[in-house]
Structure formats: structure tokens, C-alpha cells
Amino acid sequence: MRNILKNLVINISTIHHTQLTPRVTLRCLHCGLCRCIRCSEQATEVGPAIQQDWNKYQSLQEVVTGLAWTFNKLWLPEDFPAAAPAGFLQQLPSYQSALRRRAGGSQRRAGAQGSAGLSGGEPRGPEQQGREPEARPAREQPLSIAEKRRLRDCQQADIKHLSGWQQWKRTSSKSLRKVLNEAKELSSHLELWRHDIHSIEGKFGTGIQSYFSFLRFLVLLNFIIFILMFSFVTLPSIISKYGIFNSTIAKIPPKNTEPHCTVYKPSSNEGLVYFYTYLKDLLSGTGFLEVTSLFYGYYTIDAAWFSVLNYNLPLAYLLTTFAYLALSLIWIIKRSVDGFKQNLVHGEDQFQSYCNKIFAGWDFCITDPNAAQLKHHSLLCELQADLEEERLKQKIADRTMKEKLRIYSLRICINIIVIAVLSGCFYSIFRATVFSRENSSDVSNTDFQANLLVQYLPSIVITLANFIAPQIFSFLITFEDYSPAFEIRLTLMRCVFVRLANIGVLLFSLWSHISDCATDECKACGYNYELYPCWESEVGQEMYKLTIFDFIIILSVTLFLDFPRKLLVTHCPCKPVQWCGLRVFGISDNVLEIIYGQTICWIGTFFSPLLPAIATIKYFIIFYIKKISLMHTCKPAARPLRASSSNFFFLVVLLIGLVLAFIPLGISIAYISSSKACGPFRSFNTSWAVVPDTIIKQFRDDELEHHDIGLEHDAKGAPAYSVLKTAIQLGCKAAIFLSERI
Amino acid sequence: MGGSASMLPREALSEYQELTFLSKQEILLAYKRFSALLPKEERVNVCSARVPKSQILTLPELRANPFQHRICHVFSTSEDGDDSMSFEDFLDMLSVFSDSATSDIKSHYAFRIFDFDDDGTLDRKDLEKLVNCLTGQGEESRLSNMEMEQLIQNILEESDIDKDGTINLSEFQHVISRSPDFASSFKIIL
Numbered sequence: 001m002r003n004i005l006k007n008l009v010i011n012i013s014t015i016h017h018t019q020l021t022p023r024v025t026l027r028c029l030h031c032g033l034c035r036c037i038r039c040s041e042q043a044t045e046v047g048p049a050i051q052q053d054w055n056k057y058q059s060l061q062e063v064v065t066g067l068a069w070t071f072n073k074l075w076l077p078e079d080f081p082a083a084a085p086a087g088f089l090q091q092l093p094s095y096q097s098a099l100r101r102r103a104g105g106s107q108r109r110a111g112a113q114g115s116a117g118l119s120g121g122e123p124r125g126p127e128q129q130g131r132e133p134e135a136r137p138a139r140e141q142p143l144s145i146a147e148k149r150r151l152r153d154c155q156q157a158d159i160k161h162l163s164g165w166q167q168w169k170r171t172s173s174k175s176l177r178k179v180l181n182e183a184k185e186l187s188s189h190l191e192l193w194r195h196d197i198h199s200i201e202g203k204f205g206t207g208i209q210s211y212f213s214f215l216r217f218l219v220l221l222n223f224i225i226f227i228l229m230f231s232f233v234t235l236p237s238i239i240s241k242y243g244i245f246n247s248t249i250a251k252i253p254p255k256n257t258e259p260h261c262t263v264y265k266p267s268s269n270e271g272l273v274y275f276y277t278y279l280k281d282l283l284s285g286t287g288f289l290e291v292t293s294l295f296y297g298y299y300t301i302d303a304a305w306f307s308v309l310n311y312n313l314p315l316a317y318l319l320t321t322f323a324y325l326a327l328s329l330i331w332i333i334k335r336s337v338d339g340f341k342q343n344l345v346h347g348e349d350q351f352q353s354y355c356n357k358i359f360a361g362w363d364f365c366i367t368d369p370n371a372a373q374l375k376h377h378s379l380l381c382e383l384q385a386d387l388e389e390e391r392l393k394q395k396i397a398d399r400t401m402k403e404k405l406r407i408y409s410l411r412i413c414i415n416i417i418v419i420a421v422l423s424g425c426f427y428s429i430f431r432a433t434v435f436s437r438e439n440s441s442d443v444s445n446t447d448f449q450a451n452l453l454v455q456y457l458p459s460i461v462i463t464l465a466n467f468i469a470p471q472i473f474s475f476l477i478t479f480e481d482y483s484p485a486f487e488i489r490l491t492l493m494r495c496v497f498v499r500l501a502n503i504g505v506l507l508f509s510l511w512s513h514i515s516d517c518a519t520d521e522c523k524a525c526g527y528n529y530e531l532y533p534c535w536e537s538e539v540g541q542e543m544y545k546l547t548i549f550d551f552i553i554i555l556s557v558t559l560f561l562d563f564p565r566k567l568l569v570t571h572c573p574c575k576p577v578q579w580c581g582l583r584v585f586g587i588s589d590n591v592l593e594i595i596y597g598q599t600i601c602w603i604g605t606f607f608s609p610l611l612p613a614i615a616t617i618k619y620f621i622i623f624y625i626k627k628i629s630l631m632h633t634c635k636p637a638a639r640p641l642r643a644s645s646s647n648f649f650f651l652v653v654l655l656i657g658l659v660l661a662f663i664p665l666g667i668s669i670a671y672i673s674s675s676k677a678c679g680p681f682r683s684f685n686t687s688w689a690v691v692p693d694t695i696i697k698q699f700r701d702d703e704l705e706h707h708d709i710g711l712e713h714d715a716k717g718a719p720a721y722s723v724l725k726t727a728i729q730l731g732c733k734a735a736i737f738l739s740e741r742i
Numbered sequence: 001m002g003g004s005a006s007m008l009p010r011e012a013l014s015e016y017q018e019l020t021f022l023s024k025q026e027i028l029l030a031y032k033r034f035s036a037l038l039p040k041e042e043r044v045n046v047c048s049a050r051v052p053k054s055q056i057l058t059l060p061e062l063r064a065n066p067f068q069h070r071i072c073h074v075f076s077t078s079e080d081g082d083d084s085m086s087f088e089d090f091l092d093m094l095s096v097f098s099d100s101a102t103s104d105i106k107s108h109y110a111f112r113i114f115d116f117d118d119d120g121t122l123d124r125k126d127l128e129k130l131v132n133c134l135t136g137q138g139e140e141s142r143l144s145n146m147e148m149e150q151l152i153q154n155i156l157e158e159s160d161i162d163k164d165g166t167i168n169l170s171e172f173q174h175v176i177s178r179s180p181d182f183a184s185s186f187k188i189i190l
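First to last, the sequence lines map onto chains A and B. Here full-length UniProt numbering is used: position 647 in the first sequence is 647, and no number is missing along the way. Here full-length UniProt numbering is used: position 145 in the second sequence is 145, and no number is missing along the way.
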């Protein structure tokens, strides 16, 4: 082709071909005639030749396309009929000889390129099309199927002219792509709730759909954590306790501890008990539930043997804890990589840019006309609000000094009020926890309701605080005179802080109570052995109660608040009821709710290894509850969060929850003495001590073995044996001395 | 699911799998939905039949879409200009709107859909029509003239690189590549 192109001379005629388009002719160098490339008519008057580097084009077709691109403004796409240029170009003698050189499918090729290039109607870079052998697969071209078919056929014809290696590369990549497609298709069948989420998307758009995708992600995460804990901790314990597969367990009583620290008698029910005792035990994790594998106290095993293999259960327990935390961290980060990239690289402004709102504003997946109406309305409101905010910025910049002073002092006052509200919440949680723990053993078993109330007091107070504080914050922020977008973000941040800090305060109050040591005997154990003989189980019970209560609240709010409200609104036509309307499905509130539950699960899994199973079942049921509630009793918010910023926001807050979960776990593993009466860490000072202990023991055993082997083989006979031995001993002692000091 | 429904031949199925971004299941579902749009007599030869635009717009995926007419116009290969769609046009449309389509293809077709006057660029009139499509039909759901001016000014500021007052294909693709919501919103799944 190249030698033809070098000799192409293209002239523009100034005579108009039609009213609108100029004539472009190609001069044949063999006969000197000029023909119009549109109608093949011979032209006698031609204009000046166009100087261009035609060499950069690979084929005649690209030349024609390139011409079309150059003269895009003059030629309307409809003016370019598909058939004419191809027919004319094929008549060029040099082209004919090129065809003869390539036996076979070139006729088809000319035809394909002729029509494929022009009926697209859009200017495309000439370099992108038909280049061999790195051509893009046919389906990535913006053409109709018929044209893609022709393109694929000529790509296949081209393959015959490639070397064997490139042919093999092409076919192997094609088959690889096929295999990947099959695998993707199979895996899409396994996806949980695919149809449900699709129907939600169709009715409500992608903002709300992202909440349900997030819920699905949490169900999977909790299930995997449960599998992890079950297979490495619970299953070996159960197997060895029941002696299946020739297994035995060893319970080594801890040395160097006072006997009073090791006394632990969980109050299991004996004799005649009332039915509601079982119910109370089920709801608060005491009684018969306390001695099951649900809680830490069951795992009072120091070593287990399966036939000859030694299974170090304490080490496994600790390492599995680290493993599930690391797994959660990696999975969340992997999911949020895209969102981070956008946010970090482009900054917050680009997220809400006008182009994003206009070009990506409509959710094409919406199928319901009512939802479409809602979407139109919310887009209108959003655009109007953003445009107004821009005009507001001008107003803010025009503020006087006196105004600024007034607003800043107002903001400081309101922040002080916010801090006061938070302190109030924290203090009430602290008092409630202490009261509950002191009185839960006092109240006798006969007063069922009072006992249950006292047990659940911390959970009740936390739930009340989580409900009241956000209302107060959204009321206060109206006085602070921020821009609307910043208002939303600040309220959200405050709510996140309240929810996560409440858990922290609960744990802190528990620990201060546990480590509250007055007597010497208590100090010998390291924790309050009278009230908390097995303190890890107690913490596990608190987390269990929080989870159960959270679930009960979500269930009751839907059943006892939303459905009656919906019945009232549909059947009662009076004004105040209609003005109240249905509950708004606030995405951020719902998300904070489930993140709060997930943080509890992460913290509680160390103290209660079967808690992830409960969390999985809980979120599974919550999915259906929320879906029914959304479809029947709620209305979507007027300004829902966008899908991209929703996803990013959910994952960032989840990450904050996870990092916050590290802190209490770290303190209980490494700092607080493990209980001596129960659990796998009886013989260690803290739970963390098992790791250095095992490593050191392993090394010492290895080194002793080496020592014995060396002596066996007459090491003493080696020269300077005693000198070396003394030198090494001194060096090691110095190293130990130094490392103890640091 | 009646006995009169014809099946898609296997070679055609694998060819469509190769030429589009759809999976086998999606192509079969599209076949089913497309045959349902045809009158009974024409259901034997689905691959060569053409469905008029009014029928296509009864699909739930398109009936609530403010861009329904533009979509039919862009994907239709009908020579009569009546925007009727054949089965292959229908597959083309689903392929572009599917999950696995490249963002290159999506932005290319999005540009053509938003280009209301088909002149190859998005000028002010196109943008105005686009915004009106988004905010809804009806007088009370439109932005005021001043707001529209402000909005179009902002859009052109963000996307018009060569400052010629219009957005061409490469500028559009550039701005779309930085838009985080585009991939998830430009999607139709049957």
C-alpha cells in the first residue's frame, strides 16, 4: 500500500459539487486523470493539491477517513454515501496490482473497510483502525453488529498473513478470553441476592442500591470470619474435648499464681428452674449459655493432641484473631481502592462537579415511572441548590469583620454545646455500665423483668444516646450558617463519632471496673477476681447483649413504628398525619447503624468466637427487613447520596470502625492480665505473652538439641572450645541485660 | 414459553458472544424479550424482523428513560429513518449498556446520545436540551434562564479545553474518564 500512498496527489476543487460540499479529487498517476472521490465523475477543473503526509496512513481507507476528518466541518455525515468511494478506489491500477499480490480475501477487505469507515459518521483516528497485528477486537469498536462482523472477518483474513508465532498468540489470547468469560458467567450465578438488588436498583436508583450492596458485603465478610474462627479454634476444641479422632487435651494448672485467682464456678442451672430462666439466659448470655463454646470460658485448653500432632490452641486462638482483623482490613481496602484514587487524586471538588452531575446524572437502570419522577425532582433540587451555593459563596466573601466575629463566636458556642452533649452521653453510659455490673448478681432470680432490665441497661442507654444525639446535632447545625454540603458532612461526622465513641466508653468503663483493685489479693491476680473470675467471658457477654439488642431494636422499629405509620397515612386523611408522611429512608442513618453492629462484632469475636455467626444471621435477616421496609413503608430521601460518594463514605467509616476496634483489642490482649481461672491463656501473664513464649521455647528446644548433638560428636575436643564458650556466654548475657533495659 | 417460540441458532449465539459484551444468558434473555415485542406471525424469523419504535419504547427499561428517543435513534440502523430496531440493533444497545463494556465504548455512545442535533459536537443548545431532559418535562420542573446560563457556563468551563464553546468527542471522553458516577449510572440490564 505504501508505494501507492506516496504517489497520491489529492486536489481540492473550488467548484462546488453540490450546494454545500466542495469536490475532492484523486489524481491517478498512471493516466493523469482526476476523479471525484464521491461520484467518480471525471473532473477537468481542479484546485491546488493538498500537501499532507499521506505516509502515516496504512491504507487507502484511512486516507479517505482522514480526509473526512479534516473536512468535518464542511461535510455533513449524511452526504457521504457508503458505496461510492470504495468502488472508485478499487479501480486504481496500482491498487489492483496490490490486490493481485494478496491472493484471496482482499476483495472482502476492501469492501469491509469501505463501508466500515464511513457509515460510522464520526471522525475516528485513522491509526486506530485495521492496524495489524495489534488490532482491537471487533467488539470494542463503536460500530453496529453488521459492521463489526465484517471487521472481524477481515481481521481473520489478515491472520493468515501473520507469522506462526503471532497467530498462536492471537488464538491463545482469544481462547483465554473465552475461558474467562465462562468463568465470569458461572460466578455471577453464585452471587447472593442478585435479583433483589437489581429490582431495588430499578425502583430507587443506584444511591440506595449501594446500601444494599454494602449489606451483602458485610454478610460475606462475617461469614468468612466465622469460618476462620470455627475451623481453627472451635472445631479443634470440640474435637479434642470429646476425644474424637484419638485426640486428648491437657489442662495445665497455672504455676506461680494464688489459688484464689483460679476459682471459677459459672452458675449453671441445677434442679428445678423456671422456663423464663432459660429465656433470660438466652438473652443475656448467662447461665447455661456461659459454659458453651459461644464464650471464651469454654476454651480452657492449654494443649491438644490429635494422635501424635500437637496443636497449640492458645497460639491458634491469638493468631486467628490477628488473621481475621488483617483479612477485614485487606478486603475493605481492596474494595475502596477506586474511591480512594478518585478522591485523593482529584480532590473533593471534582466529586461534585457539574459535569459529573449532568453527564452521569441519570441512572439508566430506573424502570419505574414513579421513581423516574422522583429522580427528576431530586436532580432539579440538587442543581438548584448547587447553583445557589455558588451564589452564596460570593455572599460569604462579602462578609464584614463584625459579621465574621459574630458567626465565629456562635460556632464556638455551639461546638461547646456539642461537646457538653457528648460528655453527657459518655457519663451516662459509664454510670449505667457500672450500675449494671454491680447489681446484676444482686437482684434475685425471681424478679425476671428487673434482672433483664439491669442486664440490658448499658445497651438501652447506648441506643438512646445513638438516637437522641444525631437529632440534637441536626438541630444545632442550622444555627452555624455553613454551606449546605458542608452542613451535611459535619453532621455526619459528628454522628459517626458519637456512635463509635459510645462503644469505646462502654469498654473503658468495663475495664476500669475489672482492673479496679483495692486489696492485695486482687493485685496478685491483676484483675478483680471476685466480681470477674473470668473477665473475658463477661466482656463477651456484653458484646453479645449489644448485638442481640441492636437486632431487636431494628426489628421492632420496623414492625411497631413503620407499619402502623404506613397504615395511618394511607387510611387517615387528616392534615397533620399527611404532613408527617412516611418515614424517610435515610441512607446515612442506616449505614451508621450497621457499621456500629459490625464494630461490635469485630471487638467481640476475640471474647466470643461464635459471634460472627450470629452477626451473619442478623445481617441476613436485616437485608430482608430493610428491603420490605423500603418497598412498602418508606419513601426515599429527597436528595439521596450519589452512588460513588456513598460507596466511598461507607467504606471510610467502616475502616474507621475497624481501626477503632484495634484499640480495645490491643489493650486487652497486650496490657490487661488474662484471667487465671478460664480460657487458653491461663499460664501466661497477658494473652499476647503466648507468642514470645512459644518462639523462645521453640528456639531453646532447638538450641538444646544442637548442643546435645554437638557434644555427642566430641565438640569438646575442638581447639579453643572453652575460650569460645566463655566468650559466647558473656556476649549473650550482655545482650540479655541490654534488651531487658530497653 | 410457548411451542411457537423459535430458538436462536447456536452459531449465531456464539457469534453474538464474540461481537458483543453480553454473556450467553444475557443474549438469550434479550432474544426472549425481543420476540415478545413482535406480533405472533413474525416470531419465527426474529433475527431479520424489525420492531417499530413505539413498540421498543414499551420496554420497562426504556419507558421511564428521558433519553428514550435518542437511544432508539442512535442504535437504529434503519435506512428509512423511522428508528425501528432489528434484533442486532437491540443487542448492540444492550452490549453498550452492559456491565462489561469498556468505558471507551460507553462514552462514545453517550456522546452520540447527548448530541441532539447530530452535528458531532455538544453545543449550548444540546446542553440545554440535555439539562431539560434531566430535570423533567413540564414547565415547573425547568431551571430558570439565569440558572441555565450559569449551569452551562460552569459545564463549559470544566470540559471545554480548546475554548471554542462546544464539547467535541475527545473533550467529552476526557471529562467522563474523571467522572466517578458514569460507569455505574450508564447501565441497562434486562
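In short, the hints are calculated from the structure, not lab data. Misleading hints may appear alongside valid ones.
[Stated by the list, open to error] Here are some of the chain A residues that sit facing chain B, going by a computed Cβ distance under 7 Å:
id, residue
1, Arg139
2, Ser144
3, Ile145
4, Glu185
5, Leu186
6, Asn356
7, Asp363
8, Phe364
9, Pro369
10, Ser378
11, Leu379
12, Cys381
13, Glu382
Being a predicted model, the structure only gives us computed values, none of them experimental. Positions of the beta carbon are idealized from the N, C-alpha and C atoms, including for glycine.
Outcome of the hint check:
no., hint, result
1, Arg139, "5 Å, holds"
2, Ser144, "5 Å, holds"
3, Ile145, "4 Å, holds"
4, Glu185, "5 Å, holds"
5, Leu186, "10 Å, violated"
6, Asn356, "4 Å, holds"
7, Asp363, "5 Å, holds"
8, Phe364, "5 Å, holds"
9, Pro369, "5 Å, holds"
10, Ser378, "10 Å, violated"
11, Leu379, "5 Å, holds"
12, Cys381, "9 Å, violated"
13, Glu382, "10 Å, violated"
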